[in-house]
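Just so you know, we're using numbering that gives the first Met the number 0 here: the sequence shown kicks off at 0 and counts up by one.
Keep in mind the hints are simulated off the structure, nothing from the lab. Quick reminder that beta carbons are idealized off the backbone N, C-alpha and C, glycines included. Just so you know, not all the hints are guaranteed correct.
[As the list claims (entries may be wrong)] Below, simulated BS3-like cross-link-like pairs (lysine-lysine); rule was C-alpha separation at most 27 Å, straight line:
| no. | residue 1 | residue 2 |
| --- | --- | --- |
| 1 | Lys544 | Lys491 |
| 2 | Lys556 | Lys471 |
| 3 | Lys331 | Lys556 |
| 4 | Lys491 | Lys471 |
| 5 | Lys154 | Lys471 |
| 6 | Lys491 | Lys509 |
| 7 | Lys544 | Lys509 |
| 8 | Lys556 | Lys491 |
[Unchecked claim] Simulated DEER-style distance windows between Cβ atoms:
| no. | residue 1 | residue 2 | range |
| --- | --- | --- | --- |
| 9 | Leu378 | Ser398 | 27 to 35 Å |
| 10 | Gly338 | Arg528 | 18 to 26 Å |
| 11 | Thr488 | Glu525 | 30 to 38 Å |
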Amino acid sequence: MTTQQQDGGWSEPGPHQDDWQQHYPPHTDQHQQGYGDQQAHEQQQTCGDQQAYGYQQPYAGQQHIPQQPSPAQQYYARPHTVGPDVEYYVPEYTVVEPEPEPEPGYVLPEVAVSAWSVDNSRSAWISRGALVLILLVQAGLSFRLDGSAFPQEAKFLMSDGELSGLVSQLGLAGARALSLAWALGATALLFGATRLLFNARAGLAAAAMYSVLESTAFTGRYASLHSLSLFLLAAALWLLARTRQASPAAVLLAAPFAALAPFAAYAAALYLPTLTVLAVLTAYRFRGAGAFVRGALFAAATGALCFAGVQLAGTPSGWNVQSSDSALELLKESAQWGGVVLLVAVIGAVGFIRRARMGEMPWAEGTAPGAIRRSLLGLTLCATALLAPLYQAWLGNGSSLYVHVGFGLLFAVPMAGLGVSRMMGAHFRYPQIGIMIYVATLVIGMAQTRELYRPPDSAAMIGALREVVDTKGEYLTDDPEISAYYLRTHTKPAQWHQAERGPALSAAVKRGSYDAIVLRADSVPEALRGNADYRLLALLRPSDKDGGQEPYRIWVKR
0 MTTQQQDGGW SEPGPHQDDW QQHYPPHTDQ HQQGYGDQQA HEQQQTCGDQ
50 QAYGYQQPYA GQQHIPQQPS PAQQYYARPH TVGPDVEYYV PEYTVVEPEP
100 EPEPGYVLPE VAVSAWSVDN SRSAWISRGA LVLILLVQAG LSFRLDGSAF
150 PQEAKFLMSD GELSGLVSQL GLAGARALSL AWALGATALL FGATRLLFNA
200 RAGLAAAAMY SVLESTAFTG RYASLHSLSL FLLAAALWLL ARTRQASPAA
250 VLLAAPFAAL APFAAYAAAL YLPTLTVLAV LTAYRFRGAG AFVRGALFAA
300 ATGALCFAGV QLAGTPSGWN VQSSDSALEL LKESAQWGGV VLLVAVIGAV
350 GFIRRARMGE MPWAEGTAPG AIRRSLLGLT LCATALLAPL YQAWLGNGSS
400 LYVHVGFGLL FAVPMAGLGV SRMMGAHFRY PQIGIMIYVA TLVIGMAQTR
450 ELYRPPDSAA MIGALREVVD TKGEYLTDDP EISAYYLRTH TKPAQWHQAE
500 RGPALSAAVK RGSYDAIVLR ADSVPEALRG NADYRLLALL RPSDKDGGQE
550 PYRIWVKR
């Protein structure tokens, strides 16, 4: 029986067979005779097994190709059971190494911190396209507001400041267009800062909510420096987020923007401490204790620049003017203007504190900010929205509060964008929640803006006064800024005086020192009723009967 037969037909004969025969020589003749029948029986059984196991003899001239049988086809030779030198034959085999697994066609990227997103070139272009659509909506909401100049707009355009004088050369329409450009830039920078702090999806949600707020639409169509101040604060916030992994000295790039913001609008001074805290929190994850050095550098540089600005231009006025407005009423109005955004921001902060990452892979690796840092960041951004309402409620002064609320919301909106992203879930699982929040914010913002943006309907009044004024007379009016601005080619600003009521008005009428008196009143004041020195020239009612504006009454000297 050959080695090939003993192997069951799958081991190839070779030099090992000769070595086996040398080590184990054949039996003697008497053993071959004694066991002849047994060998014949084994050979017959082996041949039968080969046929049963599908053994095929190679054709003439065909090279023998060994094949490994299945476990059911493997055959091992039975050893001799008689004799003192009984050996077992161990068949030869070759261990086949398993083939390496092919490379996967796609590898899941690392889950981004705070939300589910993939920041690659394609998603970046999609985000930019969505941002352009958001800015177009914001521009449309601002352009739908129109009318004559507000008294503060006219005062700004008539002021002799360097910046205001430069802007006044553009006229009312040009100044409003410039304000819109600054407002759009602030929204774009807000998106960039939120994307750096969290991710692109949270940035788009933040920009979308901020673009439809009443304060955003109002300042985008208001000829003043409020939108410029918001732009400077947004630029400082973006630079703080952009330089969070750089050297601590890189934070000095944000200091000039933060220092200039209060000189454009005094309300921005309330948010300089917030920027200082964010200078530390944004870099603590990467710099550790070195983040406090970064915060100290930012505070020192901003303070030095503000001190230099005060020495050169003086202290901004209006920041500490007290009045008698109800504090409770001011807080109530602030809640109406920014309550929705603040509520969503609180939801986002709570979700951010509980879980740094959002995704369907809790085992995702990567560094994430700690719970303490997340708590401080959420508390700072949400609490900043309360600074202007609480400060002006303490002063009892509600002047321009509907605009100043937007300064605090600029810092709370990034956390609100994160809240929208968390509520929608990974892969936009619940997009209806984000749509519902956006639509609610849009409708509320449009209604509030239409209610607040009501400039005086002064076109008819200006047309009537143009026929009676000159450069020599003195004029008393409820809106001296508007009259001085629109009639600047016929009169001088010093010729217009602010009208009062009560005894002061009666005294002015008795003196007869004014050539014309322009009042907004539903009824004729007692001092001018039946007066022999003045006659009623015109009664001009506003074109919008539902606007709640009082008609203009013009008296001229007889």
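Consistency of the hints with the structure:
1. Lys544 / Lys491: 32 Å, violated
2. Lys556 / Lys471: 14 Å, holds
3. Lys331 / Lys556: Violated, because 46 Å separates the two Cα atoms, which is more than 27 Å.
4. Lys491 / Lys471: Status holds; Cα separation ~9 Å.
5. Lys154 / Lys471: Judged against 27 Å, a Cα distance of about 22 Å means the pair holds.
6. Lys491 / Lys509: 24 Å, holds
7. Lys544 / Lys509: The hint is violated at about 33 Å.
8. Lys556 / Lys491: Holds - the C-alpha atoms of Lys491 and Lys556 are around 19 Å apart, at most 27 Å.
9. Leu378 / Ser398: 27 to 35 Å: 29 Å, holds
10. Gly338 / Arg528: 18 to 26 Å: 46 Å, violated
11. Thr488 / Glu525: 30 to 38 Å: 35 Å, holds
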